[in-house]
Structures are given as structure tokens and as C-alpha cells.
Amino acid sequence: MSTPSTILPADLGVVPSSAEDNYLTHDKGFLSWIFTLDHKRIGVMYLFSVLAAFALGGFFALAVRTELFFHHGPSIMTHDQYNQAMTLHGAVMVFLVIIPGIPAALGNIIMPLQLGAKDVAFPRLNLMSYHLWILGALFFISSLVISAADTGWTFYVPYSTTTPTAVIPAAFGAFILGFSSIFTGLNFIVTIHKLRPPGMTWFRLPLFIWALYSTAVIQVLATPVIGITLLLLIVERAVGLGIFDPALGGDPVLFQHFFWFYSHPAVYIMIVPAFGVVSELIAAFSRKPIFGYKFIAMSSVAIALLGFLVWGHHMFTSGQSVLAGTIFSAITFLIAIPTAIKIFNWVATMYKGRIHLDTPMLYALAFLWVFTIGGLTGVFLSTMSVDVHLHDTYFVVAHFHYVMMGGAITAFLGGLHYWWPKFSGRMYNEGLARIGAILVFVGLNVTFFPQFVLGTRGMPRRYYNYLPEFEGLHQLSTIGAFTLGLGFVLTAVYLYKSWTSGKKAPANPWGATTLEWQCSSPPPYYNFADTPEVNRGPYDGYELLTFDKETQGYVPVK
Amino acid sequence: MSHSDSEQAAHGHGGHDSAGHDGGHGHDGENVYPYTPHHFSASKQHFDSGKLGVWLFLVTEILFFAGLFCAYTIYRAQNPEVFYWAHFFLDTKLGAANTVVLILSSFTAAWAVRNAQIGQVGLLKMNIVLTICGAFFFMGVKTVEYTHKFHDGLLPAGKFAPTHNVWETETFQHKHPEAAKAAERISAGLQARKNKKTALNDTVVGGSQKLGLVPVSHEEHGKVAVVLPPEDPKTAALADDVWLAEKIRLLTPKQRHPLEMSGIIRKASAGPPKFDRPEKAGIFFSIYFFMTGLHGFHVVVGIGIWIWMLTIAARRRFGPEYYGPIEFSALYWHLVDLIWIYLFPMLYLIH
Chain A
19 MSTPSTILPA DLGVVPSSAE DNYLTHDKGF LSWIFTLDHK RIGVMYLFSV LAAFALGGFF
79 ALAVRTELFF HHGPSIMTHD QYNQAMTLHG AVMVFLVIIP GIPAALGNII MPLQLGAKDV
139 AFPRLNLMSY HLWILGALFF ISSLVISAAD TGWTFYVPYS TTTPTAVIPA AFGAFILGFS
199 SIFTGLNFIV TIHKLRPPGM TWFRLPLFIW ALYSTAVIQV LATPVIGITL LLLIVERAVG
259 LGIFDPALGG DPVLFQHFFW FYSHPAVYIM IVPAFGVVSE LIAAFSRKPI FGYKFIAMSS
319 VAIALLGFLV WGHHMFTSGQ SVLAGTIFSA ITFLIAIPTA IKIFNWVATM YKGRIHLDTP
379 MLYALAFLWV FTIGGLTGVF LSTMSVDVHL HDTYFVVAHF HYVMMGGAIT AFLGGLHYWW
439 PKFSGRMYNE GLARIGAILV FVGLNVTFFP QFVLGTRGMP RRYYNYLPEF EGLHQLSTIG
499 AFTLGLGFVL TAVYLYKSWT SGKKAPANPW GATTLEWQCS SPPPYYNFAD TPEVNRGPYD
559 GYELLTFDKE TQGYVPVK
Chain B
28 MSHSDSEQAA HGHGGHDSAG HDGGHGHDGE NVYPYTPHHF SASKQHFDSG KLGVWLFLVT
88 EILFFAGLFC AYTIYRAQNP EVFYWAHFFL DTKLGAANTV VLILSSFTAA WAVRNAQIGQ
148 VGLLKMNIVL TICGAFFFMG VKTVEYTHKF HDGLLPAGKF APTHNVWETE TFQHKHPEAA
208 KAAERISAGL QARKNKKTAL NDTVVGGSQK LGLVPVSHEE HGKVAVVLPP EDPKTAALAD
268 DVWLAEKIRL LTPKQRHPLE MSGIIRKASA GPPKFDRPEK AGIFFSIYFF MTGLHGFHVV
328 VGIGIWIWML TIAARRRFGP EYYGPIEFSA LYWHLVDLIW IYLFPMLYLI H
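So the sequences go chain by chain: A and B.
Position one of the first sequence corresponds to residue 19 (our numbering), numbered consecutively onward.
Position one of the second sequence corresponds to residue 28 (our numbering), numbered consecutively onward.
Rather than coming from a laboratory, the hints here were simulated on the basis of the structure.
Treat the hints with care, since some could be wrong.
If you want the ones that stay clear, here's a sample from chain A, every Cβ over 12 Å from chain B, calculated [as the list claims (entries may be wrong)]:
| hint | residue |
| --- | --- |
| 1 | 38 |
| 2 | 42 |
| 3 | 95 |
| 4 | 140 |
| 5 | 174 |
| 6 | 211 |
| 7 | 247 |
| 8 | 266 |
| 9 | 306 |
| 10 | 404 |
| 11 | 460 |
| 12 | 552 |
| 13 | 575 |
According to the in silico footprint, chain B covers these stretches of chain A (three or more CB under 8 Å from chain B) [to be verified]:
| hint | segment |
| --- | --- |
| 14 | 129-137 |
| 15 | 323-336 |
| 16 | 431-440 |
For each residue, glycine too, the CB sits at the ideal point set by N, CA and C.
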């Protein structure tokens with residue numbers, strides 16, 4: 019697709035900044051960060067917090083995988099401690115890392131820049147979202163310190179209402195994190211509706227923003243339901259409310275319905291932003307507009323909406339009627355369609371493009387492979403007759419780790435490397451980054467592919483000890499987990515080096531065409547002195563940029 | 028700017044919305060209000076953003092309560108007699124008073140928006156104060172209701188221990204007087220049989236010699252005084268469950284029907300005779316306390332928000348070029364009112 023001739027090279031140039039400093043150096047001191055209203059600073063704080071939580075969740079993961087190296091225990095922990103470790107791993111990863119992950123850490127920094135806006139609609143609400151994240155994290159840590167919850171991250175009753183561990187702090191932490199999520203979603207919806215620059219119609223929005231918008235809709239509609247569910251759980255535990263207790267007239271399956279009504283849309287909160295990142299990466303590193311832009315945009319919305327109708331596919335074995343199960347199963351199949359459309363469109367984008375295999379692109383390519391496996395196995399699980407056998411086995415564990423680790427985290431890392439020069443003002447060591455990407459890719463496949471096999475052979479999930487015939491595959495999985503961990507540690511090391519002493523980054527190191535590349539790296543604190551006027555689609559103009567050896571970045575052709 | 032203002036004042040339509048004019052914000056590209064944050068390029072953009080933001084927030088509130096409405100629906104569908112039985116313990120008069128007051132406070136809130144739009148600072152402050160008063164009245168009545176419930180042992184399911192029977196409540200006696208009397212007699216009869224006294228004696232507990240019923244008020248702790256008519260020895264000699272079945276069989280439809288609907292007695296075909304409150308009756312009060320408690324929490328938050336608005340109004344910040352916060356607070360308040368309008372019939376007016 020050729021660029022419309024009405025676009026001039028100058029339209030892709032960097033908007034001059036009158037500031038001497040940038041948003042990182044504009045203000046100094048701890049207070050200027052913790053009480054900032056600058057979306058970029060809030061995003062950077064989120065980024066470091068989410069990465070720290072990722073390390074914590076990863077620590078629990080490695081603890082679990084180490085314990086599972088031998089089929090009989092204890093190896094490094096008791097069975098009760100194992101339950102706590104796997105619960106904390108799940109809860110920290112889901113609530114502190116993946117749900118906030120891309121929207122809060124990358125979206126906060128980049129989305130207003132992509133809109134040519136000065137900030138999000140409600141900067142103070144944005145700051146409050148971050149403070150609530152910290153508060154929620156503190157409650158999780160308090161649960162850890164008192165007596166970590168051992169219920170599994172799903173908090174099913176009646177165990178969660180009767181176990182002596184500190185369920186209430188953990189549940190309350192998740193409740194607070196829910197509000198953090200809701201406020202971020204609310205902020206993003208209003209920003210995208212009201213703060214677009216002149217000329218940027220809905221179908222000229224970058225696909226990352228379409229993805230963030232769809233995610234925000236889910237956040238606003240679904241999260242209140244987990245809020246009320248957790249509140250009911252807390253009150254049930256505290257005063258014996260009885261709403262989930264059959265002896266008092268309640269129903270424990272009602273908890274499952276309430277819980278999954280949120281938690282299914284929640285997995286789309288996790289993955290839809292990842293889709294947005296992948297769209298950006300594939301377009302930029304194929305130097306070609308996205309194939310089927312409108313289909314990808316609309317498919318994000320379709321996934322967001324359909325995602326509300328399928329929660330029962332987590333409950334096929336809960337005693338719900340076969341009719342209900344059939345309907346949930348059928349609608350879940352439908353979600354595969356918009357998802358697959360994206361995959362096909364991304365591949366079509368690459369066809370006849372000029373592919374650059376920089377690290378972000380490696381992550382995007384890894385995503386295509388790994389997410390396809392994860393997504394397809396989701397379809398297997400949504401087949402009710404199959405799920406009856408695979409429910410609560412390692413097959414499920416493998417499925418969701420493929421989509422969450424191989425999907426969301428891979429895309430998160432890709433976006434992190436893509437936008438790193440923009441928000442840090444530094445380049446990272448490309449050689450080490452490629453090694454890191456390969457270690458992550460190999461590590462996650464070695465960790466989780468054996469788990470598909472384990473699941474189909476009957477290995478149940480959340481088990482502390484298991485039959486000896488499963489030991490080989492478990493050991494392979496543990497080796498993969500440590501490889502994965504090594505990849506992450508390597509990534510952390512070279513990114514830290516880059517932040518402190520990396521080469522200065524040009525405004526547009528990758529030659530991308532979206533608006534965030536038209537301000538300096540790092541941006542000035544006010545982003546753009548004047549709201550730019552937009553006269554083109556988000557992926558138009560690759561031919562008008564050329565690589566300049568002096569700045570090691572892309573500039574408009576003369 | 029002043030030209031467009033007087034135009035809008037002359038149009039003077041009564042709604043909150045800015046349809047038909049831009050709400051006095053000047054032209055689209057202007058910052059007419061000095062306190063508009065800098066990331067907005069125009070005051071209208073600021074106002075529109077706030078409005079969209081508040082509506083989205085209200086949507087989240089609706090979904091927050093939706094789970095509870097869902098639980099209510101499911102439990103009431105599965106246990107209709109529990110809900111019918113339990114609602115008699117609620118004071119409909121107090122609930123109705125709360126409903127009227129909350130609706131009135133919504134009116135004063137709406138009026139306050141209009142006051143802000145046309146710069147009537149005095150009336151604005153008055154209406155905010157009236158809204159706050161309505162909210163305090165509501166919470167006062169709630170406190171009275173809750174205190175009575177705790178007093179009478181009507182607590183959430185885990186701690187449910189009622190001190191009175193449903194036929195002793197004013198609401199039940201008013202609606203089903205014959206059934207109430209019949210229930211009194213059967214209950215007293217069962218009590219007498221339990222005390223192993225013969226039916227020939229008067230069973231007087233608490234000192235009153237009067238025939239008939241003494242309605243239990245919340246101040247009295249004493250039991251109802253009932254004098255039973257003498258019974259013939261053959262009936263008195265029956266076994267307990269046969270005696271009960273016979274008494275139930277002798278009930279007129281007007282006496283029997285309400286007792287069946289409340290789950291106190293069951294149909295002969297449904298099993299052995301029983302005379303007791305319905306099983307798991309406490310679940311009603313679990314739902315009652317959680318829903319009204321959560322609603323009450325939102326009323327208290329609303330009081331805080333209105334006090335905050337009052338402080339800004341006192342600083343004379345509101346006027347035709349800036350009234351967003353009042354409108355958004357009123358929108359929140361209307362939602363709080365709307366939720367109560369659903370709760371009142373759902374909990375107090377069950378048929």
C-alpha cells in the first residue's frame with residue numbers, strides 16, 4: 019500500500035522542543051516522583067513496580083518448580099508452604115503484574131504521546147491508580163508476612179472461608195487493585211474519546227490505542243464484579259454472612275459464577291493490550307502498514323465484548339447444566355475467530371515487507387508462534403467433552419502459561435524494548451538483548467510444553483507430590499523454568515546498564531510512523547509544544563523516512 | 028463571552044445537559060475558565076471529559092451492585108417463603124420515609140445544578156445544605172432500623188437469632204390479622220404442651236389477664252400474653268405432631284394461606300407438619316444488611332462529596348463558565364437515590 023501523496027516528509031519530522039531538559043530531569047527528588055502528575059513518570063514508576071512484582075512472582079514460581087523436581091516431597095518446603103507459594107505466585111502475577119502490566123506501564127507512557135496529547139484526561143486519578151497499586155501490593159505482602167493465603171489465586175469457597183491463613187488481607191489487596199484497574203480504564207476511555215488531536219479520527223488511531231481502548235472497556239465493566247465478589251468473601255469470612263454457605267442458605271457455586279464473570283474478561287485485559295503492542299511491532303519492523311487495519315481494530319472490540327459471555331467455560335465440571343455448558347462452549351469457539359483474524363493479518367503484514375530482526379521484532383515473532391499454541395489449546399479446552407477430562411490438569415496450566423507468559427509477557431518485553439529508547443533516552447546492547455530474547459523463548463517452551471503432555475497423561479494441577487511416572491517431564495519443565503529465569507535476569511542486567519550508561523537514543527531509532535516518535539527521546543515534560551494536526555493514517559509514511567548514520571536514527575527524507 | 032451568557036440565561040431550559048448550547052463555555056477552542064488544567068485545550072473539552080468520566084464511573088457502580096441484585100434474585104427465586112417471612116420484620120413506614128427524603132434530596136441536588144449554571148450562589152449553597160440534610164436524615168433512620176434489628180437478634184445468617192416471631196410484628200398483624208391470631212394460638216398451644224400443662228389451665232405469662240393479643244413493641248421484652256380456651260381431653264391427649272396436624276387442618280384459608288406463604292407451616296402433602304420459621308431464614312438478613320449497608324456507605328461518601336462542593340461554592344468558584352463538579356456530584360447522588368428506589372420495594376414491599 020503506497021503512502022497517500024498528500025503526506026510530506028516534514029509531517030514525520032520531530033516537533034521541536036523548546037525545553038532544555040526532558041521529563042526525567044525536569045524535576046528532582048523523591049516527592050517530585052511520588053506526587054507527580056506527569057503520565058510518563060507515573061508510567062515509569064508503574065514499570066519498575068510491575069517488574070519488581072514480576073521478580074517476586076517469578077521467585078515463587080521457581081520455588082514451586084524446584085519443589086516439583088522430585089515426585090515425593092518435601093524437597094524445599096512442606097505441603098502447606100507449597101500451597102502458599104503457588105497461591106502467591108498466581109495472585110502476584112495476575113493482580114500485580116499482568117493485569118496492570120501493559121496498560122499501566124507502557125500505555126501510560128506511550129498512549130498520550132501517540133495521541134499528540136499533553137497528558138491523560140485525569141492526571142490526578144492516574145496518580146491515584148498508581149498509589150492504589152502500591153496499597154494493594156502492601157496488602158498482598160502483609161498476607162505473605164502474616165500467613166500467606168493457600169487457597170489458590172481463585173479463592174474458591176468453602177476453603178477460602180474456612181482456612182486459617184490470612185485470606186482477608188490478600189482478598190482486600192485484590193479489591194484495592196481492582197479500583198486501580200478501574201480508574202486506569204476510565205481514564206483511558208475518556209482520554210481516547212476527548213483528547214484526540216484534530217485530524218485523528220477513530221480509524222487513524224494506532225492499533226495500540228484501539229487495543230488499550232477495548233481493554234479499558236473491559237476494565238470498567240468487569241472489575242466491579244470481582245470487587246463485590248471479594249467484598250462478599252471478606253464479609254462472609256469475617257461475620258459468617260452465609261451468602262456462599264449452604265448451611266446458612268447460601269451457594270458456593272455462586273462464588274464461582276461471580277468470580278469467573280470478572281476473571282474471564284480479565285484474561286482479555288491481559289492479552290488485548292499485548293495484541294496492540296504486536297500490531298505496532300510488526301508494522302514498524304516490516305516497514306509496512308498493518309494489513310486489515312479495520313479488522314484488527316474491530317476484532318479487539320469484538321473480543322472484549324464476547325469475553326463477557328463465556329465465563330462458564332471455567333465451570334464445566336461445577337454441576338452447571340449441560341445446556342449452559344454447551345452455550346458457553348459455542349460462544350468460546352466464536353472468540354477464536356477475531357483472534358485468528360489478527361494472527362493472519364499480522365502474517366500478511368509481514369509478506370513483502372522489509373523485515374528488520376531487531377529485538378522487538380524477535381519478541382513479536384516469538385509471540386506469533388507461542389500465542390498460537392496457547393490460543394489453540396484454549397479452543398481444545400473450550401470443547402466441553404474434552405475439558406471434562408482436562409479440567410484441573412497440567413494441560414490447563416500449560417494453556418494459560420502459554421498465553422500469559424508466551425503471549426502477554428512476550429509482547430510486554432517486545433514493547434519494552436521497542437519503546438525503551440523513547441522513554442529512557444538510551445539504547446540497549448542489541449547483542450545481549452537478542453540472547454535474552456532467545457533464552458526467554460527457549461525457556462518458556464521447555465518449561466510449558468512438557469506440561470501439555472503431563473496434563474493429557476493425567477497429572478493434576480496444584481499437586482505437591484505426584485506419581486513417579488511424571489517425574490521426567492516435571493524435571494524438564496523445571497530446567498526450562500530456570501532457563502527462563504536466566505533470560506529475565508540477563509534482560510534486567512543489560513537494561514539496567516542501558517538506563518545508567520547506555521548510548522543516547524535518537525528521536526526515531528526504528529523509523530516508525532506513529533506520533534510518539536515525533537518528539538525527542540526522552541520527551542520533554544509537556545510532550546508536544548503544540549497539538550499536532552494529523553493528516554495521515556498511523557502506519558503511513560515509511561518511505562518518507564531514511565536512516566541517518568550520524569544520529570543512528572530515522573529522519574525524513576530531504 | 029458575556030453576550031453568549033445572557034443568551035443562555037434567556038433560553039433558560041430546565042435540564043442539566045448542555046444540549047442546544049455549549050453550557051456557557053465560550054467557543055470550542057477557548058479556555059474561558061482560569062482554573063482549567065493545562066492539558067486541556069478548551070474548557071468545553073474539560074467539561075465533556077468530566078462528564079464522560081462520571082458516567083463511566085456510574086456504570087462501574089451499577090455493575091458493582093449488580094452482583095448483589097443477582098444474588099437477591101437467585102435466592103429469592105429459590106426461597107420465596109424466606110423472603111416473604113422476613114420482610115415483615117422491616118418497618119415499611121421508616122423505609123417509605125427514607126425513600127421520600129432521598130427523592131427530595133435528589134430534587135434539591137438537581138436544583139443546585141441549575142443554580143450553579145446561572146450563577147445563583149445563595150440558592151446553590153442552600154440546596155447543597157438541604158441535600159446534605161436529607162442524607163443525614165436517611166442515615167439517621169438507617170441507624171434506628173439497624174439498632175432495632177440488632178436488638179431483636181435479626182442479624183446476618185451466621186449470627187441469626189430472632190427474639191420475636193413474625194406474627195408478633197405490626198406489619199404482619201396489620202396485613203394478616205386472622206393468621207396472626209391463629210399463629211398465636213397454635214404457638215401458645217405448643218408452648219403449653221411443652222410445659223406439660225393441661226389445656227384446661229390458663230397459660231398466662233407476664234401477668235396480663237386480657238384475652239386477645241398484645242402487639243409487641245420494641246420496648247417490651249415480655250412475651251405475649253394469651254389465654255387459651257379450654258380444650259377437650261381427647262384433643263389434649265393427642266401426640267404432638269398429630270395435634271399440630273389437626274390444628275393446621277382446622278385453619279380457615281385466610282389463616283392458613285399467609286402462614287404457608289411465610290414458610291411457617293407447610294402443605295400436608297409436602298411432609299410432616301411443622302410450625303416454625305422457614306429454614307435458613309437468616310439469609311434474607313445477610314442480603315438485607317449487605318445491600319443496605321453498602322448503599323449506606325455510598326450515602327456517607329455522598330455527604331462527603333457534597334460538603335466538599337459546599338466549600339468550593341462558598342469560595343464562589345461556580346458559575347455559568349464552570350459548574351461541572353456540581354453536575355457530576357448530582358449525577359452520583361441521583362444514582363445513589365436510584366439504587367435505593369430499587370432496594371425499597373425489593374426488601375420492604377415483598378408480596
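Of all the hints given earlier, name the ones this structure violates by number, lowest first. Numbers 4, 6, 7, 8, 15 and 16 - these are the hints that the structure violates, sorted from lowest upward.
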